[in-house]
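S.K.: Just need the whole structure built from these sequences, with the hints factored in.
What follows is the residue order along each chain.
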Amino acid sequence: MAVPPASIPASGFSRLIRWIDYRLPFVALLEHDLVEYPTPKNLTYWWNFGSLAGIFLVIMIVTGVVLAMHYTPHADLAFDSVERIMRDVNYGWLLRYIHMNGASMFFLIVYIHLFRGLYYGSYKYPRELLWILGVVILLLMIATAFMGYVLPWGQMSYWAATVITNLFSAIPLVGNKIVTLLWGGFTVGNPTLNRFFSLHYLLPFVIVAVVGLHLVALHQHGSNNPLGIDMRGPQDSIPFHPYHTIKDSFGLCVALLVFAFFVFYAPNFAASADNYIPANPMVTPNHIVPEWYLLPYYAILRSITFDFLGIPSKLLGVLLSLGSLVILFFVPWLDTSRVRSARFRPVYRWVAWILPIDVIALGYVGSQPPAGFVVTLGQIATFYYYLHFLILMPLIGKLERPRPLPISIGTAVLEASGGLGAAGPAERH
Amino acid sequence: MADLAQSQVTTGHDGGTRRDFLILTAGALAGVGAVVSVWPFVDSLNPARDTLALSTTEVDLAPVQVGQRLTVAWRGKPIFIDHRPPEEIKAAQEVDVASLRDPQPDSARVKKPEWLVMIGVCTHLGCIPLGNKTGDDRGPYGGWFCPCHGSIYDTSGRIRQGPAPLNLIVPPYDFTSDTAIKIG
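From first to last, the protein sequence lines stand for chains A and B. Per the working numbering: the first sequence = residues 1 to 429. Per the working numbering: the second sequence = residues 1 to 184.
For the record, the hints were derived by calculation from the structure and aren't laboratory data. Mixed in with the good hints there might be a few duds.
[Said to hold, decoys possible] The calculated DSBU-like cross-link candidates involving lysine-lysine, where the alpha carbons are at most 30 Å apart (straight line), are:
id: 1; chain 1: B; residue 1: Lys111; chain 2: B; residue 2: Lys90
id: 2; chain 1: B; residue 1: Lys111; chain 2: B; residue 2: Lys133
id: 3; chain 1: B; residue 1: Lys112; chain 2: B; residue 2: Lys77
id: 4; chain 1: B; residue 1: Lys90; chain 2: A; residue 2: Lys177
id: 5; chain 1: B; residue 1: Lys77; chain 2: B; residue 2: Lys182
id: 6; chain 1: B; residue 1: Lys133; chain 2: A; residue 2: Lys247
id: 7; chain 1: A; residue 1: Lys398; chain 2: B; residue 2: Lys112
id: 8; chain 1: B; residue 1: Lys90; chain 2: B; residue 2: Lys112
id: 9; chain 1: B; residue 1: Lys90; chain 2: B; residue 2: Lys182
[Stated by the list, open to error] Chain A is nowhere near these chain B residues, computed Cβ spacing over 10 Å in every case:
id: 10; residue: Thr25
id: 11; residue: Val38
id: 12; residue: Pro47
id: 13; residue: Thr56
id: 14; residue: Gly67
id: 15; residue: Arg109
id: 16; residue: Gly126
id: 17; residue: Gly142
id: 18; residue: His149
id: 19; residue: Arg160
id: 20; residue: Pro163
id: 21; residue: Phe175
[What the hints assert, rightly or not] Selected chain A positions facing chain B (Cβ under 7 Å, derived; list incomplete):
id: 22; residue: Val163
id: 23; residue: Asn166
id: 24; residue: Ser367
Even glycine gets a Cβ: it sits at the ideal position worked out from N, Cα and C.
M.R.: Here you go:
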């Protein structure tokens, strides 16, 4: 612990590092977790999205902290203060567009990261808690994004806040009391805006803390990999630095290019025009939709148009919508297969791809007015979503015959690169 | 301290039991204390006194024509006032109450049949239904139609189709004269 890392040359500087590290092992921690940290040789670009998500969390916090210096959390002033940021504050437009589109990028990256985990069985033994912490991060992100969306106090802000807080009114007996408590009044109003601002500022730092735990849990057993088999020794791994520092940097550049396109050329691509109209408690916009990353949950909520088993449709819609996230907590136990990677699971590898298609269908349903065919499609897609996790996952794990697994990551990499050994690219299989 | 140490020594073999008892009672008390001390934080989020004070609205109905629908604000919520023409009243009264999702006769929802007063907030997820302005879509029952999730209300503000569980809520109000009401 107290011994300074070997990579630091002996000098006056290294003596300072040694002095600090003996008292606070910070450099040793970096050395252990960012330099030497062994990663499987065969990681693909699918494994870029974790660090990418972390970087976007930082981007959101930095822009958010500065925006908060110009924003006024009051129902009468909030909308104008956001317009002032856009028109008068130096580079205010840039900060706000980065923050707005950064939320979309953050969710896109996290959804890809989540699907990667689902496809390659990254949630399986011994990474169950790692997965659960990831789902906690997703829930915190959704809460944070929702409250952030309310802050500009436009029409969509106001009515999104109204509809989402009203979800709690579906709770039997105490529902309406809870809604009044959330609002701090008889409607969404200034007290609601104030508390949402407070929580929108707080929750990102809670996310940072949970991300810390997520990383501790990750580094306990290391990354999963496309083969889904464990690293058995140095022949299966490469150090994080320089291999993944450079690969993650490259991925970051690509992500920033995509991000910059939206920030500079299509900043309102994912935004709703209605949110540039100041909030009006007396008029609901004709067509309320949430941000794209929440559309699937919204679609499930609206798909339940019938009472079932004595549960009223409103409550059931709320339960199933929330349940679509809660079910993710149980994935490590719903998947009964011992094989992690879908690559060796002839049936599941197809089923795993149907799920994102189903979720995209739900997203489409959520974006459309609820009438006719759209309602039916929403009901089918909702049914399939639950079928996937509750029936297909446990059943396929039991019935399917997985293909034989490679002996080790090292041998699989060697075979893939034609027996040329370490000269072959580590990403090919 | 010395006394405490002494007492532990003297209680001998049942010192453990005594300690268990102290840990349990102290722990329980601290738990109750922690829960109680959370309450001020939670209750501070409930409507404040000044918010509660803004609780009545008076409306002069004299200028409202037959067939005209008026929207006023009460506690920040829209109140729908409908000066119902005879055919709307008739349609509302002729419905088979038992067939309704939230069974309520029209007579239980009005003080005077020609004046329908309701909170204009959909009981599903709180949107404002259409139908109070001329040219709005009033839905197939000639009442109100919520554009958010498709709830349809009749000329008595009762839920007829769609996801909303309850009829539009009638606020507490009184006629202060023949042509004026006080809501709240």
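S.K.: Sort out which numbered hints this structure fails and list those numbers smallest first.
M.R.: 4, 6, 7, 12, 16, 18, 20 and 24
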